[in-house]
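Engineer: Two chains, two frames, some hints: make the complex.
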Amino acid sequence: MQKELYIKHWVKIKAGKIFDVEETFLATEEKDLNTFLKLGYQRLQISYPKFHKMDGLSKLGILASEIISRKHSFSKETALIFSNAASCLETDEEFQNSMQNFPSPATFVYTLPNIVLGELSIRHGLQSENSFFVSPQFDAALLVDYSTNLINTKMAPQVLCGWIDLQSGEYDVFLCLISSEGKTQFSEEMLRKIYYAENDRPTHRT
Amino acid sequence: MEKLYLLDDAIISPLGFSTEENMHQLRMGNSGLSIQKPKKPEAKPICAGIIEDAKIDREFAKIGKLEEFTKLEKMAILAIHSVLKRNRSLDFSNTPLIIATTKGNIDLLQTSKGFDKNRIYLSEFSRQISNFFGFKQPPITISNACISGGLALVAAKRLAAVRKFENAIVLGADLVSDFVVSGFNSFQALSSEPSKPFSKAREGINLGEAAAAMLVSTKKPKRKSSVSLIGEASVNDANHISGPSRTGEGLFRSMQKSIKMAGISSKKIDFISAHGTGTKYNDEMEAIAFNRAGLEQVPVNSIKAFYGHTLGASALLESILNKHNMLNNEVFASANFEELGVSKPLNIITENTDIELKYALKTASGFGGCNLAMVFQKEEL
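For the protein sequence lines, the chains are A and B, in the order given.
Sequential numbering of the first sequence, starting at -15, is according to the working numbering.
Sequential numbering of the second sequence, starting at 33, is according to the working numbering.
Please keep in mind that the hints were generated in silico from the structure rather than gathered at the bench.
Heads up, none of these hints are tricks.
Using C-beta positions, here's what the derived DEER-type ranges look like: (1) Gln169(B) / Thr8(A): 36 to 42 Å; (2) Gln84(A) / Lys251(B): 49 to 55 Å; (3) Pro89(A) / Lys376(B): 25 to 31 Å; (4) Leu359(B) / Glu14(A): 58 to 64 Å.
C-beta atoms are modelled at their ideal positions from N, C-alpha and C, and glycine is treated no differently.
Looking at chain B on its own, in the form it has when it is part of the complex (with noise of 0.2 Å):
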């Protein structure tokens, strides 16, 4: 069986500039989370997870020109950056970049501060990236939705095993723009108070910004102890395109494939990395289809509360503090989660927690009524 291994890693987030720092946040339990001043007086504040320009212009002055790249780009340069300077003997001729952003640079729509208008264009925010570390293949770019960050990965591995190439790169990255501000309010999707994934009280989302980036690899490192991804299947709901199915049908499939590419028993998953987004339906959609899969006594949380739901990037991100709990044995309160409210039991996480970890199932769903689960091994030499 093709195994993808994850070697090394970067957030570039409102909780810190590396996965070091956004680990260390998280086990303190400190959100990102912060109420934002309506850019309009006559518009609510809304609560998000908002990387301040300044610090991001800090950070990238150190290596690039300020003026010459967009917000979004500079996070995923400084994502992508932290990773290779680790990594230098990295062969660029032979080694893919694969972007995932639902958006991208989609606050250049209203005015295009001065950059080209084909800075719009998805494949044009990726071309940015790659040519600024002299990747030698064209950018790999998906957009589909809040699964995105997480199918990126999958594409590494499904592409690996027919290119035969040995390492890759993966970015996931997402903006908090008016627009998505926007859209998600029509749809009376915002809560204007940190979300409380699967809680009673939950009343919507917050939207968060992060770049997340990956450097995975078909061999396996010789180190202690490694994470690798076993097994991953993406099943349309075929039911509805903005809300989840009812019987949280797409997402039990997914799980069902997935563990089954694994080669595991589903009683074999350690713990769950939900979506939990925070919304009424996502997160009962969620436990429904947990339990119909048989986890409903697995521990489970959702990070949701912590950064907001950081769209394209949020299901790498999550993938990459999956990969860290692995590794370090432990796992993390369900961020600001209350007193259960979906329909089913569920054991959400409450408080951190030292537990062995070897399988761990990521999960993500989106519009469109796509789904994502994904299997992590941890493998000890």
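Excised from the complex, chain A in its bound form (with noise of 0.2 Å):
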């Protein structure tokens, strides 16, 4: 039998903003990258060290997956179902131009998207399915079909799915929980609803 699924959060980090459906929790003009991290670590009073040594994107997956855990917390077996566009472009163009003097193995290991995965899983402690899938635009067909399969196989109990993009100091992120409770129907219509809400202008190239 199939199940209804259900938008249980979301979380969308874009432009200077932080929010859910609920709250917006850093809205600011800054335009350094690192510096706006930092911004967001700390309004969200964040206590993990390790933060400060992760690449952009992994900062970003651990400040949305914050803003979500803390509202509904996450069972161990929460899968992951990441995607983008740029994979770890920024993290690789850094690797390379240290490769001329220097080739540093702590940014080596965040040329991979999938990184991020592995940081939230130490994170939130989850020990689950995960998946990084990149296109070029945001694919709310395979997040929905592919959560949904975990989630009817019973592969996992819910999804932390969605799209974690970063790119020439741009930032777009938009990641939800689903379950089969909820109220917000888990559909594709309904994810690019919200994905698109205040995307007039998405970061990925044009």
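Structural biologist: Shown next, in the form of structure tokens:
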């Protein structure tokens, strides 16, 4: 039997704003990525020193997942199905530049897009299914189909899925928690509606 | 239970440009690794599995324009072309292309080599391959470290259950680039000689490049014997992003869940195709996980010392070898194995052996704490 699935909660980080359906946690004109991420970390009063060693993609993931996990605690088997357009290109470029002198292993480890999934698994103690997809634009159908299958086959009780993109210092994050409980129906149409609501100018290349 | 049948495949590697050639070389015990002269005189030579550009171009010239595609795209296209030419009736309007790669055209980051700068995007790499053949649906790209190739196969099975397509083409491909060489070097993870998975004297990995393609189907083929994916699971260690769990937690759980999904007892597993990279930590972790799962008696091998670690291609490439091993009822000696050098017992295969294979397990693990286990079954008519 196919269960009805719902978007239990969602969060977005874009253009200086960190917000969910209920509140805005941060709204700033700050243009520098690292300063913005630090502001977010402080505003959310996170205490996780490892945060400061992470690359931008992982930091964005930590900020977004923190908001959702505070309102709805993640069970250990909550799956992570993330996607983006640029993979980890920002960190790739950083590592490429370091290759001339001293290639840094601390940077190299972040040159895989799924590292953010590993960081979130550690942060929230998730021993669960992880997949990272790359597509030129937000692919709602893929997220819905993959997440639905994981829950229907009982591979995961709930799924944290979405889009987490970072290129040229511009970020675009939309994560949502999918479960069999909630009010907002989990469908392609609804995902697109929420994603594009504030996204008249997506960051991916045009 | 949904099954995903492994119908046809091709491997483009230093060991050959077809699955048959690759199987033949492995049977002969030949390795695709060689010592590569360093590009900078001060650098150390590396031992890697590299495909000669000239060899790729010679083959590719028969089907496409050399200047229009990157090396990795040519490898990927050759692999898929080889599968498609034997399966001409495939309906492209309802056949997704699922592509696994960790770094795609990463060699273009340093110099674009005359290609458009968009070519560095993984989705653009996929689009080039898809367009070459005229697939009607946008390709699906997975980039999930060293389990990517296996995860692409898993994605085909899972999406087929929801989207109801019958066939899919799955591809895994990665290069040996200066980028990854420099990265693994910075970790001091590269072995200067052919790697020695599970051996005492192992001192790291070799890198390798390959493209592996597979035609899969939810429909059972009318053949004397066929192999299908019947159980799969991927569980994160939630422990460390660059080192495997010391207890093998994620891999142990992946194996347990995949065997449970397959609906069999772990005692039924006849053979394990391990990840076996040849690093101290990976091989030790796998030994612990196999023991925790009660699989220490099962014949196990790693072929990494024949190919090097082909990153996003490896788990798919090894699934292809696994399938043919099952059809032929043969297993290969674990490449370059000497004296067991892990803390738990393992039944490492030391010579090519003919054994009856009905169920086989494929495992893989990667950066980010990811692990994957897949159970394959052989059915006879």
